[in-house]
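If you're matching them up, the sequences are chains V and X in order. Be aware that the first sequence starts at 608, since it is given in our numbering, and climbs by one per residue. Be aware that the second sequence starts at 158, since it is given in our numbering, and climbs by one per residue.
Just so you know, these hints were derived from the structure itself, not from any lab. None of these values were measured; they are calculated from a predicted model. Some hints could be false.
What the hints assert, rightly or not - Only some residues are given here: those of chain V computed to face chain X with a beta carbon under 7 Å:
{"no.": "1", "residue": "972"}
{"no.": "2", "residue": "977"}
{"no.": "3", "residue": "980"}
Unchecked claim - With a Cα cut of at most 30 Å, we get these calculated BS3-like pairs of lysine-lysine:
{"no.": "4", "chain 1": "X", "residue 1": "311", "chain 2": "X", "residue 2": "208"}
{"no.": "5", "chain 1": "X", "residue 1": "440", "chain 2": "V", "residue 2": "979"}
{"no.": "6", "chain 1": "V", "residue 1": "979", "chain 2": "X", "residue 2": "208"}
{"no.": "7", "chain 1": "V", "residue 1": "979", "chain 2": "X", "residue 2": "415"}
{"no.": "8", "chain 1": "X", "residue 1": "294", "chain 2": "V", "residue 2": "966"}
{"no.": "9", "chain 1": "V", "residue 1": "979", "chain 2": "X", "residue 2": "294"}
{"no.": "10", "chain 1": "X", "residue 1": "308", "chain 2": "V", "residue 2": "979"}
{"no.": "11", "chain 1": "V", "residue 1": "768", "chain 2": "X", "residue 2": "294"}
Beta carbons: idealized from backbone N, C-alpha and C, even for Gly.
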Amino acid sequence: MPIHAHKLATLSVWALISLGAVPILHAQNPFQSVLNGLNKMKQQLQQGATQPASQQPAQPTAAQPSPAQSAAPAVPTAGAGQSNSVPPGSLEEMLTTAQAQLPALPAGGLDPSVLPDVLGVHIGTPTTQAVEQLNALYPTVHSGGAPWGTGLSHIQYAPTKDPPYTSSLSGLRPNNDGCGPTDCQASDAIFAVFSGPPDTRMVSIQRTLSYSSQRQVPSDTFRDSLVQKYGPHFAQFPLNVMVWAFDEQGKPLTLSQNDATCAKGEGLISQQGYGPPNPYLMTSYLGISTPVPQLQQQTITRVLRMKCVRGIVVTADISGRPGGMAQQLQVTITEVAVDLRDAFAAEIYLQQSANAQAKQQVQNAQQQSGPKF
Amino acid sequence: MTALRSRRAIRMLSVAAATYAASAGTLLLAQQQPLPAGVPAAPPGGVIGSKLPDTNGVHLGMTQDEAIAVMRRLYPDHLTIYYDKAPTGAVWTGRLSGTTDVSCPNGCETMEVALSMPPSPVQVVAIQRTINLAAGKQPTLDNTIASLRQKYGKELPLKEGAAVMSWAYDEQGQPIIPQGPPGWQPDCADAGGTPGTFAGYPDPRQPLEIDAALAPIPLAQQVPNLTKNPCNQNVYVHVQLGISTIQNTQVVGQIFIKLGEQSMMLRDAVADQQVFDGLAAAKRQQQQNANTQQKAPSL
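In isolation and in its complexed conformation, chain V is listed as follows:
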């Protein structure tokens, strides 16, 4: 490739990754193929959440964490209230006990500004703020019959009367730097997942940049940019997958190959929800679907053991051989610790709500004389 083209490609990638929004110059529309890619991206995130645990946690168990600081999201109105005493042997007791094994918050609380980012949107950012930022980066534009912009999905806690919360955002905008003279199969897609109340934060963000075959980027250019952004302490996987890990103060962690392998497949507990018109009705955040205490405990234990890196994981997948050309770059950042802490807090809230709802049902039943026979 000519040197000037190489520099142009490097500058484009650097601008895309570090500086933020790219002006929309064309109205070209590779909508369908990008939608397919977006759906595949969503599936990958969900499949990662169901991978079996194979590693012990890399981080030592922490002391009882204090609630994460939350700037914007509203804690839902309590249809349930808080129970003053936790019934022994109950699911709520198991969850409360398990919280002691969760990663502790950093001293002084969580500061997303020191954590890894995509386009300046830092992982761990409260949901409302993250949505504002992403809406600005992926503005709504109706072009050629297919809209660019963002869409939200929602989840509602079933045993409560709380309004649905924003559980994920998907966004799409053109990647004009990726358009060739006669081919504009290029796009810039974003997908973010947010944890549920009582604390709501961005726990995952994934950006997929695709380029037309006429405007592929050297793999090494992508790689250099990634190293410049996320640092040199990464684990390398074939074909061209890079994995970084950070603690919750933004300090890089050095992973063993085993931990890096586990981290590469790190999935989310938080779910993406449903798009309009109806939210996904959630009865359990951790996926506990049995009333049997032993099986409930097994689920909790499995969730805790699945997490091998209890901080932040950054994964970059360059679709191109080292030394060759790449047509796609995908970067995923996951805040494993926040996802864990918020999942348990949400599950306790759901269980308290369900218990309060059941108690009310019993009280109602005791006052009902039954239908007219």
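Dock chain X against chain V, hints included.
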């Protein structure tokens, strides 16, 4: 030629009159036939609906008009009347079907009422009612049982758990404890079937045509099996409760109620079948008579 036509017309009229007389005579004869042994006789004065158990005001033993009036009041928006036609040519209301809400988003109930067929008096012989209770309106099991006992009295001692309850009465509405073979439980939720009742069609101009009250087996062969079943006698109420447990408290979400005037159901079905058998026999006799009056063809 005119004389020939006149003689032929007179002959045809004579055959018709004889057939009618034969049928009427056979019908009259069938109606007066004694019921086979084991088929319960009607109580003195007949079955009176107001004396028999009910659900939501629909009594076993009610007449067709009484039942339709109550069902219209209970299910003003969703009531369907089904019609049947007996072998005698009589059209009657064989079934009533009502519901409070076809989609049932906030609880609902349905009721099916079966009526006996003519020439026996048309009366309610079986009722099925299903109640689905919305969340927030579901009573405890204890409250439900108390309400049912208040309505129907102390239940029979079944061995099926708290979710199933049964009551038995004679045809004058008095509680009884029915007897049966060793090991038999008086849990007669249509265990005796619903003989003599039919689904029907909703258009009275096109009723479902019935050709028999019972199975196409000679009555003499059917009756012993029918009368041997203790669930084909007396009056029953049977309730099954759909129960869930919330925080160790049992709560009722669904109630299935079945009522059956089993004695009347069997009695009317047998009596009607006797009539239909008589009509069929008369028709065969008529055909035979007509055949014997046929002249031999010219050879």
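Here is what the structure says about each hint:
1. Evaluation of the residue 972 of chain V hint against chain X yields a held restraint, the C-beta minimum of about 5 Å falling below 7 Å.
2. With 7 Å as the threshold, the beta carbon of residue 977 of chain V comes within range of chain X, its nearest partner Cβ sitting at about 4 Å, so the hint holds.
3. Using the Cβ-Cβ criterion of 7 Å, the hint placing residue 980 of chain V at the interface with chain X is satisfied: the shortest such distance is roughly 4 Å.
4. Between the alpha carbons of residue 311 of chain X and residue 208 of chain X the distance comes to roughly 17 Å, so the proposed pair stays at or under 30 Å and holds.
5. Distance check on the hinted pair: residue 440 of chain X and residue 979 of chain V sit about 51 Å apart at the alpha-carbon level, beyond 30 Å; violated.
6. A threshold of 30 Å between alpha carbons decides the hint, and for residue 979 of chain V with residue 208 of chain X the separation of about 19 Å falls inside it, so the pair holds.
7. Distance check on the hinted pair: residue 979 of chain V and residue 415 of chain X sit about 15 Å apart at the alpha-carbon level, within 30 Å; holds.
8. Straight-line distance between C-alpha atoms of residue 294 of chain X and residue 966 of chain V comes to about 14 Å, which keeps the hinted pair within the 30 Å bound.
9. The suggested pairing of residue 979 of chain V with residue 294 of chain X holds, with an alpha-carbon distance near 12 Å, which does not exceed 30 Å.
10. For a cut-off of 30 Å, the pair hint linking residue 308 of chain X to residue 979 of chain V stands: about 9 Å separates their Cα positions.
11. Our distance criterion of 30 Å between C-alpha atoms is met by residue 768 of chain V and residue 294 of chain X, whose separation comes to about 18 Å.
Hint compliance for this structure: hint 5 alone is broken.
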